[in-house]
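*Asks:* Chains as they are written, first to last, in our numbering: chain A, 50 to 320; chain B, 50 to 320; chain C, 50 to 320; chain D, 50 to 320.
Please keep in mind that the hints were generated in silico from the structure rather than gathered at the bench.
There's no promise every hint is true.
Copies of one chain are not kept apart here, so a pair can be met inside one copy or by any two copies together.
Claimed, not checked - Quick list of in silico lysine-lysine cross-link-like pairs, DSBU-like style, CA-CA up to 30 angstroms:
#: 1; residue 1: LYS318; residue 2: LYS238
#: 2; residue 1: LYS316; residue 2: LYS157
#: 3; residue 1: LYS238; residue 2: LYS157
#: 4; residue 1: LYS217; residue 2: LYS318
#: 5; residue 1: LYS297; residue 2: LYS217
#: 6; residue 1: LYS296; residue 2: LYS157
#: 7; residue 1: LYS296; residue 2: LYS318
#: 8; residue 1: LYS297; residue 2: LYS318
#: 9; residue 1: LYS238; residue 2: LYS296
#: 10; residue 1: LYS157; residue 2: LYS297
Number of protein chains: 4
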Amino acid sequence: MTNRHLALLVGAALGLTLAAPAIGRAQTPPAKAPDPDARAKAIADVVAANHILANQGVVDGFGHVSMRDPTDPTKFLMARSVAPELVTAADVLVHDLDGNTPPPAGVKLYLERFIHAEIYRSRPDVNAIVHCHSPSLIPFGVTGVALRPLYHMSAFLAGGVPVFDIHKAAGGATDMLVRTPELGRALAKTLGTHPVALMRGHGAVVVARDIPQVVFRSVYTEQNAQLQRQAMALGPKVIYLDPDEAKKAEESLDGPLSRAWELWLRKVKQP
Amino acid sequence: MTNRHLALLVGAALGLTLAAPAIGRAQTPPAKAPDPDARAKAIADVVAANHILANQGVVDGFGHVSMRDPTDPTKFLMARSVAPELVTAADVLVHDLDGNTPPPAGVKLYLERFIHAEIYRSRPDVNAIVHCHSPSLIPFGVTGVALRPLYHMSAFLAGGVPVFDIHKAAGGATDMLVRTPELGRALAKTLGTHPVALMRGHGAVVVARDIPQVVFRSVYTEQNAQLQRQAMALGPKVIYLDPDEAKKAEESLDGPLSRAWELWLRKVKQP
Amino acid sequence: MTNRHLALLVGAALGLTLAAPAIGRAQTPPAKAPDPDARAKAIADVVAANHILANQGVVDGFGHVSMRDPTDPTKFLMARSVAPELVTAADVLVHDLDGNTPPPAGVKLYLERFIHAEIYRSRPDVNAIVHCHSPSLIPFGVTGVALRPLYHMSAFLAGGVPVFDIHKAAGGATDMLVRTPELGRALAKTLGTHPVALMRGHGAVVVARDIPQVVFRSVYTEQNAQLQRQAMALGPKVIYLDPDEAKKAEESLDGPLSRAWELWLRKVKQP
Amino acid sequence: MTNRHLALLVGAALGLTLAAPAIGRAQTPPAKAPDPDARAKAIADVVAANHILANQGVVDGFGHVSMRDPTDPTKFLMARSVAPELVTAADVLVHDLDGNTPPPAGVKLYLERFIHAEIYRSRPDVNAIVHCHSPSLIPFGVTGVALRPLYHMSAFLAGGVPVFDIHKAAGGATDMLVRTPELGRALAKTLGTHPVALMRGHGAVVVARDIPQVVFRSVYTEQNAQLQRQAMALGPKVIYLDPDEAKKAEESLDGPLSRAWELWLRKVKQP
């Protein structure tokens, strides 16, 4: 399967980057000239993010992480259907925003690739997406208790964390999976301009500018949920970051972010 | 002891598969023709399941997992009395549905083999059983708080999780162990057609179509219990999967199940 | 230091076993004839118990485990002052019941050796003792909430778990350490005939017939505390084992105990 | 970068120790004569402390630990901006109490070095400082619930644990970081003569006489917080150490401290 994947990837890289339109990047830095190494680097980042999120307890056998194709903003890179911890570069496939790219023969795609496709379509500022069943987020998604930042590491949550209820979006009972473009669009609509949305009875989606940031946000959203649950049990009144603090703190997170990424990467590298 | 076990197993495989009756498989796929490799494959699966359940925190020094003998539905395969993490193929013995198969000399059987024997007898749809002291299930078993699915991974719990009280079943105090056919039958009766039953002051029993499914259900029953306990502490009202959602979600779990199994298996394989 | 320790041990073994009185073993199986290998085996068990308790989270840098000397019931074997995880056979010293055995030059003893000395003196049925700061026990020791067995693995707790308050025992403030024979006797008195006593603001002491049993009891006392705390938070009424169940369940624990010991031992052996 | 760091360190060691003033050590033991090996030993301790605190869960990708320069009390040793688990001796830089020491080219300093600088200035008794986002401390910092010692291992908390609110200190919203000398002084003022101060919505600062003590205090402050949260949920009334007990217990901790340090050090050493 490895060779077949590589062939697909090489073909896609050669064929698609030539035609890569510049749409939808209005809010992102100007696209760099197509770089033959950019996609290989992106694939390596997707692989690392999968391993890090497993190592950090954000994903288990399920969940997926994607990155907008740096050589073509109408595509994104995501593994075939496989547990995040086991993802290798050969598993990473190019997906289009319709989620319809045919997989290599015998390869299964994540059923919920439409989460990624539709958010990339509606959020030109987003270049990396995580879908996870991060354990501490589940209780918040089913109780209506608002997830709020109680320390500076999760300041990015200050604008609110909407909850997507698929029952309402679908107008009836589903299998809880975002398995169609329509449901993907409904989730994207609930997400709006936020960095995180919870999915009732399911998990969450986290979006960011790039792979290190989406990993950082995933890890600290999980941790904030855990600490908020503890704080709410400890005392009757919890002081959250005020909006101004949160805004300033979030701006300050960019520097330290690479410090965490460097550590997390080291933890998943083979010795 | 290894040689003696192997001799027993080989003898059993040769002798019993010829006479394997077709009873009790009405609700399962039609039995395949006796396959000389089928039992060896089954034993390997039982060993893997033991290791995975230990690795995932479902069992500690105690608990056991069994599989209906693929070459004879009136038998099942389960280890001698040993900690799950230490089970090897040579430890796996053929048990009959009376729990009376004499063990090799010097070998002790699990006292509670009647849990397995009687459930296999009463549930022809069941081909794999886990008995465990899964930690997050204990509090549910002793408080009367109903375990209910709060996310799609544990949708299989939606039909309810009965609690077996051995005191009532035995009509008086016991040592809490299901150590007789009568107690096994009482537990099987409490289980009914459900996939999981809690055992008050003891643990739980989980049943399924096959080994990967029983491992999956064991892992996510434990996780649902942990998250439900947290959710109930977090907010006054927890939204569980509604019956239609749960039914649809459960049907959708079959595909992803192999993804988790592949990961779990990798985690317990020696490098 | 190794040689000096060995010399001490050899000398003690030669000298003391000849005079070993048969006192205080009334409730234990009849003493075997002095066995030149018995003490070496005992020392190995003490070392293993230290490593297992660290591996199982019952002790951290602190806590200690001892065994009555099989060749002399008026002595016990316990490490010099060192973290349990680091104990080697050369660290294990012979202590007398006054806690006054002079240590080899440059060697420090555990300040709280009087816990062990006085319990061995007052409890002839006890041949192994653990003192620990087992984390889940601390909250029970400071709240007055009774620790009670909620499942069969901790049935041995059914007779009640007394709490030792050193402030009352000493008639005033202490440094919380049982650092004198008087305080050791007061603790032994609080323990009475129980297998476990909590120590307010400090930890616990666990006693048993032998090393595997004291390790088993230590592990499952910690786990019962954790699960009881969760159960009490989950529902208004927790069903504990009734006295008859507990008695019968406790009697049944002896068989499975070796299964857990075998596993725990394997986990701490170097590969 | 290694060579450049080493050059800086060697230069600093040669140049600065000659001019090392004796100020601010009034409450500490008399300074030893400048020892050419003292700084190398100190740097090794700073590296070990970083690794231990990561291993013990007190720091993750963030947090820092410093030590007053043993050859010059107006300086302190702390890593460049890097995750604690990754710190090597070559990363440790000499900082002055203004936090203004220019870093080697291309090297970034911790933004919050002023926490350390200003506490060393105001607390001559302090020779080691940890800043961390120790998880169990966050809920105490945002609820106003007082952190109090419930067992003897954390007796040093008995004098009270003040909470630093940067919003009040700065007279308005900040990015939550102590990134100026002024904020460092405000934090030092809140800390006063205490060993620990919480930082609302951020983490904590822990100070001590030396590196082993500051690590010990960091580990057991985290653990006390975890156990206090559990105790408060378990029962309506928690008994804390009384002031006399705490005083005596704290004095007794010095001996055992080296036992924990020896263990923690072993855990982070490569085999």
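*Asks:* If a hint holds in the structure, say so; if it does not, say that too.
*Replies:* Hint by hint, here is what the structure shows:
1. Taking the closest pair of Cα atoms, LYS318 and LYS238 never come within 30 angstroms of each other, the shortest separation being 37 angstroms inside a single copy and 43 angstroms across copies.
2. Taking identical chains as interchangeable, the C-alpha atoms of LYS316 and LYS157 lie at most 30 angstroms apart whether they share a chain (29 angstroms) or sit on different chains (22 angstroms).
3. Taking the shortest Cα distances, LYS238 and LYS157 sit within 30 angstroms of each other inside one copy (27 angstroms), while across copies they are farther apart (40 angstroms).
4. Neither within a single protomer nor between protomers do LYS217 and LYS318 lie at most 30 angstroms apart by alpha-carbon distance, with minima of 42 angstroms and 43 angstroms respectively.
5. In the homo-oligomer, the alpha carbons of LYS297 and LYS217 lie at most 30 angstroms apart only across protomers (16 angstroms), although the nearest pairing inside one protomer, at 35 angstroms, exceeds that limit.
6. In this assembly of identical chains, LYS296 and LYS157 lie within 30 angstroms of each other by CA distance solely across copies; the values are 23 angstroms between and 41 angstroms within a copy.
7. Taking the shortest alpha-carbon separations for LYS296 and LYS318, neither the intra-copy value of 34 angstroms nor the inter-copy value of 41 angstroms comes in at or below 30 angstroms.
8. For the identical chains of this complex, LYS297 and LYS318 are neighbours neither inside a copy (33 angstroms) nor across copies (39 angstroms), given an alpha-carbon limit of 30 angstroms.
9. In the homo-oligomer, the alpha carbons of LYS238 and LYS296 lie at most 30 angstroms apart both inside one protomer (23 angstroms) and across protomers (27 angstroms), since each shortest distance falls under that limit.
10. Within a single copy, LYS157 and LYS297 get their C-alpha atoms only as close as 43 angstroms, which misses the 30 angstroms cut-off; across copies the closest is 20 angstroms, which meets it.
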